[in-house]
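Quick mapping for you: the protein sequence lines, in order, are chains A, B, C and D.
In terms of the numbering used here, the first sequence is residues 1 to 280.
In terms of the numbering used here, the second sequence is residues 1 to 174.
In terms of the numbering used here, the third sequence is residues 1 to 737.
In terms of the numbering used here, the fourth sequence is residues 1 to 481.
These are computed hints drawn from the structure, not numbers from a lab.
The structure presented is a predicted model; accordingly, all values stated were derived computationally and were not measured.
Keep in mind that a hint or two might mislead.
To be verified - Simulated pairs of lysine-lysine, DSS-like, Cα-Cα distance not exceeding 30 Å:
(1) B/50 with B/22
(2) B/22 with B/162
(3) C/236 with A/249
(4) D/444 with B/22
(5) C/318 with C/735
(6) D/444 with B/137
(7) A/59 with C/645
(8) C/310 with C/645
(9) C/209 with C/320
(10) B/173 with D/193
(11) D/459 with D/444
(12) A/247 with C/735
(13) B/137 with D/193
(14) C/668 with A/59
(15) B/50 with B/11
(16) B/11 with B/162
(17) A/59 with C/623
(18) A/235 with C/735
(19) C/720 with A/249
(20) D/426 with B/162
(21) A/247 with D/324
(22) C/645 with D/324
(23) C/121 with C/393
(24) A/247 with C/720
(25) B/11 with D/324
(26) D/57 with A/59
(27) C/697 with C/563
(28) C/236 with A/235
(29) D/57 with A/172
(30) C/623 with C/720
(31) B/137 with D/13
(32) A/247 with C/623
(33) B/158 with B/24
(34) D/13 with B/11
(35) C/239 with A/249
(36) A/235 with C/720
(37) C/177 with C/497
(38) B/137 with D/426
(39) C/393 with A/235
In case you want the letters, here they are:
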Amino acid sequence: MSLKNILENFSYYRRDAEAGGHHEYEHRFAMAIDLDICTGCNACSTACYAENNLPVVGKERFEAGQAMHWLRVERYWDEIEGDYPEQGAKMIPMMCQQCGAATCEPVCPVAATYHTPDGLNAQVYNRCIGSRYCSNNCPFRVRYFNFWSYYEDSWPEPLRMQLNPDLSVRDKGVMEKCTFCIQRIRNAKDKSQREERPLVDGDIITACAQACPTDAIVFGDTMDPESRVSKAWAKHQIHRGPVTAKKQKADEEIRGYRVFDELNVDPSVMYLERVRDTEV
Amino acid sequence: MSNHRLLAMFKDFDDAFEVVDKIKGKALSSVEIDDVTMMSPIEHPDIDEKLGDRPSNIAYFTLMGAIFGVTFGFFFLAAAQASFLVQPQGGKPVIALPTNFVLMYEMLIFFAVWTTVITFLGMSGLLSRRGTLYSEKLTVDEIGLVVEVSDGDLESVKSFFKENRALEIREEKV
Amino acid sequence: MSVKVNRRKFLKMLGWGGAGTALAGCDMPTTVTLEEGKEEVVSYLMPEEYVIPGIGVWYASTCTQCEAGCGLHGRVREGRVLKLEGSPDSPINHGNTCMMGQSGVQSHYNPDRITAPMMRKGGNLQAISWEDAMAELSKRVGPSSGVDGKRVGMVTGTISGHQSVLVSELLGQLGSKNHYVHEQINTSVWRTVCRDMLGDETPKLNFDKARVVLSFGADFMGVWGSPVHNMGEYAKFRKGAERGTLVQIEPKMTMTGANADLWLPANPGTEGALALGIANFIIDRGWNLVDVPARIRGTLKQYDLVTVEKVTGIEAEKIKRIASLLSERSPSLVLAGASVENQENGYDSVAAIMLLNLIMGNVGNTIGATAKFAEASMQAKQGGTKDLLLLAKALSDKKLDVLLTYNTNPVFTAPDVLQVQAGLANVGFKVAFSMFPDETTLSADLVLPIHSGMEDWGTHVAAYQPEGAVMGFQQPLMEPIHKDTRGFGDIMLSLLKLRGSDFAKFDDYYSYIQTSLLNMPSSIVTSTGSKEETWNGILQNGIVKTKGTTTPLVPKLVDVRYKPAANNSEYPMHLVPSARLGMWDGRHANIPWIQEAPDQIAKVVWGSWAELHPKKAAELGVKNGDYVRVTSASGSVETQVYVHKGIHPDAIAVPVGQGHEEYGRYAKGRGVNPLKILNPIMEKRTGELATYATRVKVTSVHKTGRLVKMGGSEVQVGRKFVRTISSSVFQRTEKEV
Amino acid sequence: MSQVIQDKVIDEKLEWSRINADVIASMQSPRRAYWVALAVCIAMLFCAVAAEIYQYKYGMGSAGLNNPHMWDMYIATFVFWIGMSHAGTLLSAILHIIHAQWRKPIYRFAEAMTTFSLMTAGIFPMIHLGRVWNLYWVLPYVSDRGIWPNFRSPLVWDAFAISTYLSSSALFLFIGMIPDMAILRDHTTGWRKKFYGILCLGWRGDDRQWRNFRRTYMLLACFLIPLAISVHSIVSSDFAMSIMPGWHITTFPPYFVAGALYSGCAAIMTLFVALRYFFRMEEYMTLNIMEKTCKLTFAIAMVWTYLNLIEFAATWYGHNIYDKELLIDKATGPYAAVFWTMIFCGMVVPFTLCFQKLRRHMPSMLVVSILLNLGMYVERWMIVAPTLAMSHQPHQWDVLWGTVIQWAIVFGSFGWFGLLFLIFVKLFPCVSMYEVKELCFHLKHEIEEEEHEKQHAAKAKAGATAGGGASPAGNPGLEGA
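In isolation and in its complexed conformation, chain A is listed as follows (with noise of 0.2 Å):
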């Protein structure tokens, strides 16, 4: 009966992120991105298009800004009054941040996007009717949208038979981003289920980490203080949860931060700042 559980478990449904938020999350899969090391190559981001079938939108599409690229590397030029920009580039892997309290959420009208126990941000395609408003109320604009079917363009045979089977390919209309690999996070949970042992660090890889040419990318699971991207975000002072003062970082000059974290979305991607060595 609905109303005697909405009596029974009133306080526990109003409890919100601040509060440890109604989840009882089982992971919550992270990442720690080292932008010292990361050379902006792009092998992520071609892993990426081969894991996940993104597709290629070709040149028109692409000018259009229809491109489908899930993890994009961006790249800035410092704003300098010199003649030459001496401390190089800056690039960065930007891609979908898994925010805890992801502002694409709430204002999906159908509850086609929504946050799982494992912390991240799942998409249901199926459940998706376009209304774009959560690309709209993304910060990060890493939000994806199939505005044309591309499956007969981008993939002509054979090149289609490439098509990674563990996930779908995305027709006209659906809304799409980064899983953090979620069918690799199925396909481990289900080995470890089957071996009867708890998930490991190292268990889950994503497409990125693993192309990534300088390990740049750690992937792994905050809720687990033994992985690797636990000691990160530790190390580096970053916490779960929305900002507030108790949490911020004892010292500034820690390298850890979160982008937009003064938006207060809890992002799961801890980026490691650029070092530059200034006495040169």
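Fit chains B, C and D to the given chain A structure using the hints.
Below, chains B, C and D alone, put in the same frame as chain A:
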């Protein structure tokens, strides 16, 4: 018992009102003031005054509709949210009151408006057939007065009409 | 002839050779597993043995997308290869891959692959059967053809392993010495200098030991040497006890430059002078760790700071800082790459740069010897552009009657002035072994479609061997997609058999490789039991690890006769035909993922562009997206401009890779090819084509368009996406904890 | 002349039968201009339908939308039409409650405009959906899979608000039309008689019906005012509830409501001029009514201007760098021309309404009202597009001007609205006959009373001199037809 229904057409409200006054004043045995109905192309604010207290209780139903809307709204939304636990989103609680208030407000109005309209259809006697006495001039500029009388008072009512410049008198048996 | 491995046998081998990582599909009930012996639940759906729906199996192989020879694991499901990942066992890539490796599957599944042999009939290439094709081949190069072996040539890309042996055998059998090894992206000059000054062509570069890397145009993360390996080493260099400092000097910012702590553009072609200036300053201060003979000291004296500042355009203060950096943070590693090598004075510049390594005592420290694969005939034959020039000459001199091409595309990469395309008309019979209809292939008289890297057997010995000397083993990850393609090795074998040889005993290339490997000395292939077990071990690892032979480095100073390039008033700009990781020399232009992946610096996709410094752009009155004409003495190209500060104001960079006239739907007619307008300037000492020496003039054509690139704003506009801290802070907060 | 006479919005001596006849005539025998207008509207609609079919088939990419610009003119147009819908119902209801008699000749077409612009607006969220065939998932129906829409989403609020508003304002329009339906039943022939006979629900005009009618109408008016305000607040929540700079603004709900009233009034002015001209309704849609409408529009324009400036000021002083940069970009960046058009049309043009000569000059008012509408349209676009173009993430900055498909659908929406409106004016009276009669009746009373008072005063004065003598209180009655 009244067994005749009379319709008289008048040129203006004042003529009709005089007839009403006369009926009220003469205390005819078979004619109650409640048996008098006035039909008009427009609404005259004095009609109620002349015809006496005839209450309209639509507002009570509206209130009930509104209360139902807001209560139903709350429980409907909360029940839906509490049974759809996949919804936890963006760090928001499962039952998100601020958003539910918005929708409760809309549902309040929705139910209030519909109850009002449905009650109106019932209370105003629309959609029900009541007699054939009618003149198309009623929708132009003439005022009609319908009186239900018994045989005894028939003539005196008719004479009131005539005295007050009735343009036309129609009659039917009830 | 047919491939003698039947399907059953083939799949059996796969079954044994698999790395054995079985994964359940996410949609499959977890109870249906191999482990629990419940395969029969899905047996009805099983089309063949070892093809279990929903189970992905990983097989080891070797990447053929460039010459670095990275080890691969390929995920195979339902008989299809789906995803490539780096093999953790490979000492070259340590489990990682670059974007080219990742897109190997799109090479393999490319919709524009040639699916049947073709022969030129009446001017057009027409599909024929393999029987006819082999008959034609026998007719033209067989024993009865009467072909003059000396007039037979073969042009390949860098080639190694058993393929190389077969090519050598074939040419030897014919009596030909004309093996042209052409590789557009190469380190030939660097290799020559290393040979002359260190005694080893491909010395081991210990980034992890270096505290400073000073790189003159060496895009070691991108297109210089073994990029994936170098990037891994770079990470160690950055993450070491002390964070290493990277200084990059190059006319156009490469990916490596983008990651440098200090990036400076010296006037193009004067990097040698800069190196000498730094050396002079170091010796002047007595900072050098190795003594320098007076003879060289005398040469260096001319390169005082004032002169060098004038010549190179780099402030004296910066030169001093670089010099003191090399001294304070020894050991260092000084590298030279394409923009230095491929100048007219390339050899001397690289020698001047190598001098820094020598005087700072880097040799034997950050630069070490590499092991060489014990079987010399299988070592990599590394190519360059010298052979392209030789080929062009042979063609125009009508010295070739038969030309075989494999794994290279000289018609695309050769400058127009070399007239390779026209020269090919002088060759009576041209055979192309190719997967794709590229320019060279479509100029051939007989086109033989070959297997992809994922369908064929092969062995690869990388030129740069960081740990030991390994042989990458390439095995098919799936059955050939197209029924009418054949393995390159198989065709070579059947050509060899035409004249009857030792190879007659091998049924096919597979059995040849197998026999050959199993009969190798135990120093190369260590037996792990029976032959079958050994063989399975090779298949499973995808790599044959050997110690190799190592000879210690012998540092030797050479005279540096450095002379900066002359100015040219008619063509004031330097053309930088830049290359990038991914597109490489244009061979990957037919891969959609590569086309759609933005250039690492300009972030342009699906086309060509020209990079200009804002100063120059203002002078020309052009902005992003405007078209300019780049004219050299040998021709001109027209493309859109991308303006940024990461380029020398006197240089214009036009990336290579685009401008294909053929090469399938994704590459054809897209962008421009800057190689076409190169002047035929040779590097003086090595005879390589000096690709960076061409001078051009740039004019606006008063046409504008939208530059198709990723990214709206070029700067962060005050946002903190990429934050930067100084390495001193980093040292305090992270290294000393 | 007295104030009442000077301000009178209609000639009180209009014969009631003529009112009937005039209005019924306006509904019959369309002139050629009507057919031309109808053809134009159908052609415009056809453009939109063709564009929509294309877009449905090939995907939203054909509208030129892209990663930063997930929404664009569709949503701007949606807000525009929703805004336009406000004038009719809200003004009608407010003016009804405060007994502003001058609303009576014009409220009917204004309410029709409300309903039709809502029907137009409601189409846009559908057009803009990537998978419109799953639209019904937004509705809270009981699904056997236990799936519900997400009640946190402002888009679901939109669905609730728009359906509530559409049904309520349609009911309001319909209830207000019942007495007129009876008039039409009595004075038309053929199919119309049957048609109106059904629609009038047996209206006879007896006292019970009038009494309940008055009460119902008042109740509905009372509910419609907060409803209308909530609807546009909810529409503003689509933006204000987000995190985006330029959207997440506290003043958005009142700003949107003011903007809605503003564009609604401007639309009323446009239709007023058009109907007055085409249906020769000069006697009903008098210049005095226009003047009052103009004054009201001016007042609302000033409210809107104020709220707009407040928004700028709050952004300017707020030191939220994203918001502030966006504001500067709006005024100086690629959208500057559009932004200044909005400022000019929305803030400067309404000052023409201060001049009586202009207010009484219909061609000028047509131009002014169209300019105001243009200003309000670009205002909506300036809300939607620049935020998407220049939000938090500079890497995704992009300027979008839409494709032919998008423009065609936006253009066609005017055809759809026009078509509905044109059908309406021929099926239903665009002037409320019974209320015009009431207006005349009351006006006449007022004038008579005033004259009576005047006479009384004169007599009192005369009586004071002549020694008095009360005159018998005359019962003026109703002269009628």
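For each hint, the structure was consulted:
1. B/50 with B/22: Distance ~11 Å between residue 50 of chain B and residue 22 of chain B Cα, so the pair holds.
2. B/22 with B/162: Judged against 30 Å, a Cα distance of about 12 Å means the pair holds.
3. C/236 with A/249: OK: residue 236 of chain C and residue 249 of chain A at ~27 Å, within 30 Å.
4. D/444 with B/22: 27 Å, holds
5. C/318 with C/735: The hint holds at about 27 Å.
6. D/444 with B/137: 21 Å, holds
7. A/59 with C/645: Distance of about 26 Å is within 30 Å: holds.
8. C/310 with C/645: The hint holds at about 21 Å.
9. C/209 with C/320: It holds: about 23 Å lies between the C-alpha atoms, which stays within 30 Å.
10. B/173 with D/193: 27 Å, holds
11. D/459 with D/444: 22 Å, holds
12. A/247 with C/735: The hint holds at about 24 Å.
13. B/137 with D/193: 15 Å, holds
14. C/668 with A/59: 13 Å, holds
15. B/50 with B/11: 17 Å, holds
16. B/11 with B/162: 12 Å, holds
17. A/59 with C/623: 21 Å, holds
18. A/235 with C/735: 12 Å, holds
19. C/720 with A/249: 16 Å, holds
20. D/426 with B/162: 41 Å, violated
21. A/247 with D/324: 28 Å, holds
22. C/645 with D/324: With a Cα-Cα distance of about 28 Å, the restraint between residue 645 of chain C and residue 324 of chain D holds, given a limit of 30 Å.
23. C/121 with C/393: Roughly 27 Å separates the two Cα atoms, so the pair holds.
24. A/247 with C/720: Measuring from Cα to Cα gives roughly 20 Å; hence the hint holds.
25. B/11 with D/324: Roughly 69 Å between the alpha carbons, so the hint for residue 11 of chain B and residue 324 of chain D is violated.
26. D/57 with A/59: 21 Å, holds
27. C/697 with C/563: 23 Å, holds
28. C/236 with A/235: Holds - the C-alpha atoms of residue 235 of chain A and residue 236 of chain C are around 19 Å apart, at most 30 Å.
29. D/57 with A/172: 9 Å, holds
30. C/623 with C/720: 27 Å, holds
31. B/137 with D/13: 19 Å, holds
32. A/247 with C/623: Given pair residue 247 of chain A, residue 623 of chain C is violated - Cα atoms ~46 Å apart, limit 30 Å.
33. B/158 with B/24: OK: residue 158 of chain B and residue 24 of chain B at ~15 Å, within 30 Å.
34. D/13 with B/11: 16 Å, holds
35. C/239 with A/249: 22 Å, holds
36. A/235 with C/720: Holds. Residue 235 of chain A to residue 720 of chain C sits at ~21 Å (cutoff 30 Å).
37. C/177 with C/497: Answer holds: residue 177 of chain C to residue 497 of chain C is near 20 Å, not above 30 Å.
38. B/137 with D/426: 23 Å, holds
39. C/393 with A/235: 62 Å, violated
Violated hints, in rising order: 20, 25, 32 and 39; the structure is consistent with all others.
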